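Student: The residues making up each chain are set out below.
Protein chains: 2
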Amino acid sequence: MRDVSIIGIGQTSVGEHWDRSLRHLAYDALAAAMRDAKLERADALYVGNMLSGEISGQAHLGSLIADFAGLRGMEAIKVEAACASAAAAFRQAYIGVASGLQDIVIALGVEKMTDDVGSRLTAGLASAADADYEVIHGITFVALNALIMQRYLYEYNVTREDFAGFAINAHANGAGNPNAMFQRPISKKAFMKSGMVADPIGLLDASPMADGAAAVVLCPTDQAREFTDNAIRVKGSAVATDSLSIHDRRDPLWLQAAQDSAQRAYRQAEVTPEDIDFFELHDAFTIMAALSLEASGFAERGQGTRLACDGEITLEGKIPITTRGGLKARGHPVGATGLYQIVEATQQLRDEAGDNQIANARLGMTQNIGGSGATIVTHIFERVS
Amino acid sequence: MRDVSIIGIGQTSVGEHWDRSLRHLAYDALAAAMRDAKLERADALYVGNMLSGEISGQAHLGSLIADFAGLRGMEAIKVEAACASAAAAFRQAYIGVASGLQDIVIALGVEKMTDDVGSRLTAGLASAADADYEVIHGITFVALNALIMQRYLYEYNVTREDFAGFAINAHANGAGNPNAMFQRPISKKAFMKSGMVADPIGLLDASPMADGAAAVVLCPTDQAREFTDNAIRVKGSAVATDSLSIHDRRDPLWLQAAQDSAQRAYRQAEVTPEDIDFFELHDAFTIMAALSLEASGFAERGQGTRLACDGEITLEGKIPITTRGGLKARGHPVGATGLYQIVEATQQLRDEAGDNQIANARLGMTQNIGGSGATIVTHIFERVS
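Protein chains in written order, with my numbering: chain F, 1 to 385; chain L, 386 to 770.
Among the hints, erroneous ones may be present.
Facing chain L, according to a computed beta carbon distance under 7 Å, are these residues of chain F, among others [stated by the list, open to error]:
1. Lys78
2. Asp310
3. Gly311
4. Glu312
5. Ala374
6. Thr375
Think of the hints as simulated: they come from the structure by calculation, not from any bench.
It should be emphasised that the depicted structure is a prediction, and the values quoted were computed from it without experimental measurement.
Ideal placement from N, C-alpha and C gives every residue a C-beta, glycine not left out.
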């Protein structure tokens with residue numbers, strides 16, 4: 001197997017792109033990543049997307065986007081794992097290069113959610129959960145997460161207020177990210193006063209639906225110097241799964257797939273959580289941030305919110321998270337989110353994170369969660385130069 | 386890169402499975418393939434599927450099926466390339482094993498179309514075409530193929546009757562396949578009298594919608610002997626793409642992605658079309674069989690129907706096709722079809738094709754087409770023992 005590095009990144013701003021279609025958003029991110037890598041061709045394209053069939057009546061995005069980007073004929077395929085689709089696409093791109101079969105590979109995540117913000121979107125998001133065992137009872141995706149959060153409050157004797165730090169930190173960091181959907185800090189008072197979406201999840205616990213696309217270019221590490229002086233090495237890569245249904249899990253408050261994929265990534269990278277300089281986690285809801293920190297080894301069981309309360313998740317803290325706004329403030333275009341995380345981790349490791357830069361960042365981790373935890377993809381990246 | 390072989394195959398019968406859900410069909414095929422390989426675990430699962438989001442309200446099939454099959458936790462992902470989804474999943478499984486990252490890998494294709502046979506299914510199938518450039522005008526997927534066939538009749542001065550041989554051969558072979566949806570031969574008279582679906586495509590030019598699942602298990606060739614004495618080697622593997630829109634292609638009567646992927650597979654396998662003993666092609670409509678034969682090098686441009694008229698595509702002919710019924714008679718559960726083709730090719734190369742057995746088959750080719758030709762996946766398989 002070959003060692004693999006990122007040599008180019010690209011993204012669109014995250015928001016309501018009424019003037020850009022799905023293929024245009026994809027093109028914008030892909031072209032930016034190609035320009036960044038100073039490339040005009042590639043061997044393969046892996047597209048992460050969740051909802052284009054339901055929302056835009058468009059399947060077959062691999063060929064569609066390859067063609068629209070002027071790369072007609074190339075190998076191109078779509079990968080789907082609900083909200084973890086983009087990191088799953090990155091994983092396939094990584095395997096393609098590592099195998100020796102493909103040299104220059106693009107991983108792209110794209111989602112166009114605002115073409116339908118009515119019932120099809122709510123139903124589409126619920127398709128990440130188990131249609132026959134969960135959704136058939138009428139539950140929405142946010143309500144499923146609310147059940148988990150309610151249980152967390154009960155088991156660990158914490159309050160809604162203990163989750164405020166996750167949202168406040170995300171919005172504070174979003175203020176420094178010109179591509180974020182929300183670029184204004186929020187106060188604890190605003191958090192506590194925000195309307196309830198699905199008790200106990202309030203509006204400021206939840207990430208916003210959005211349009212967006214992000215892309216990276218990968219190549220073998222030993223060829224990376226031909227293209228760039230600041231290649232970022234993929235040091236760990238892992239996917240793990242769990243049951244879609246929450247009731248089927250041994251413990252609804254433990255993200256087993258986060259633990260499994262993080263442990264595999266740590267082993268491959270030969271590092272421990274203490275070595276990680278920052279962690280782009282999947283804060284679709286604040287409860288997911290807490291559970292991700294616990295299962296990935298950054299906090300004891302039931303102690304995830306402590307890190308938020310103690311300020312350990314800020315840019316200057318022990319384990320900075322959502323350093324460019326996270327899903328909460330950057331926005332959550334579901335099938336693109338995993339690649340936004342990877343683009344942002346690359347920016348940190350290249351010293352290109354502007355106001356959000358973490359000093360001396362050498363090792364960054366990303367974690368993309370599909371459904372309420374049924375697919376979890378963890379990657380570890382390293383600055384080489 | 387490692388050499389890769391198939392060590393297990395499984396399939397459900399193709400048809401209207403009112404008593405089995407999507408996950409049950411997937412399980413049936415997966416478990417059969419695992420039994421065939423005498424395995425109880427695997428490193429990864431790649432699921433091909435096109436329509437579960439639209440038809441069954443269920444995304445996230447990788448984790449869902451891994452969990453339902455008793456393999457919770459394993460790496461699992463869904464791959465989609467319209468009707469070429471299953472061969473695309475096989476391609477990813479092949480890359481996973483070739484890379485050295487995964488040893489025992491399952492590729493599975495599953496489709497449950499009969500849960501909705503109304504407008505959502507017609508719209509879902511049309512999502513293989515270009516939503517903004519083609520489908521917005523109201524055209525269905527069969528109508529798109531009818532435009533191509535109409536042009537073929539005009540350009541090459543052939544008649545509808547010249548396509549009869551494709552359907553007659555498929556149904557004759559389906560009669561020998563206990564898993565085929567249609568197991569009765571048809572006459573030329575029946576073909577000519579069958580009702581028109583979209584002029585000039587008649588009912589017996591078109592493959593039927595169906596439910597079904599098919600799976601294979603792959604491992605490195607040098608480990609295959611631990612599991613089986615009749616491993617089948619993957620000798621060539623390639624994906625190529627084209628524009629989704631037919632009007633955007635240089636020549637609407639030429640499947641450029643079939644030519645590109647077939648040529649790459651021939652080069653990798655170091656063979657020519659003359660070496661191929663049989664060809665499981667993608668006869669979603671008879672016109673696609675003709676175009677596939679031409680672009681893959683078995684017939685000159687405009688001469689594809691000649692092979693059907695001259696009997697060269699039958700089990701005893703120069704290039705047997707659809708040897709177990711093809712899409713026309715075995716049935717076309719869209720996101721599963723590519724793996725039915727690969728399972729059937731494996732049966733031929735193992736001498737397990739029963740009444741349909743081709744004598745001394747050593748090299749078989751499969752070709753799975755997404756949309757009207759925008760993703761085409763070609764594989765070449767070899768009997769080793």
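Student: Holds or violated: is the Cβ of F:Gly311 closer than 7 Å to a Cβ in chain L?
Tutor: violated, 35 Å
Student: Would the stated hint for F:Asp310 survive a check requiring a Cβ distance to chain L of less than 7 Å?
Tutor: violated, 32 Å
Student: Holds or violated: is there a CB of chain L closer than 7 Å to the CB of F:Thr375?
Tutor: Since chain L brings a Cβ to about 5 Å from F:Thr375, closer than 7 Å, the hint holds.
Student: Does the nearest C-beta of chain L fall within a distance shorter than 7 Å of the C-beta of F:Glu312?
Tutor: Since chain L brings no Cβ nearer than about 30 Å to F:Glu312, farther than 7 Å, the hint is violated.
Student: For the hint on F:Lys78, just tell me whether its beta-carbon gets within less than 7 Å of chain L.
Tutor: Interface hint status for F:Lys78: holds (5 Å vs cutoff 7 Å).
Student: So, F:Ala374 near chain L? Judge it on the closest CB pair being under 7 Å.
Tutor: holds, 4 Å
The structure fails to meet hints 2, 3, 4 from the earlier list, while all remaining hints are met.
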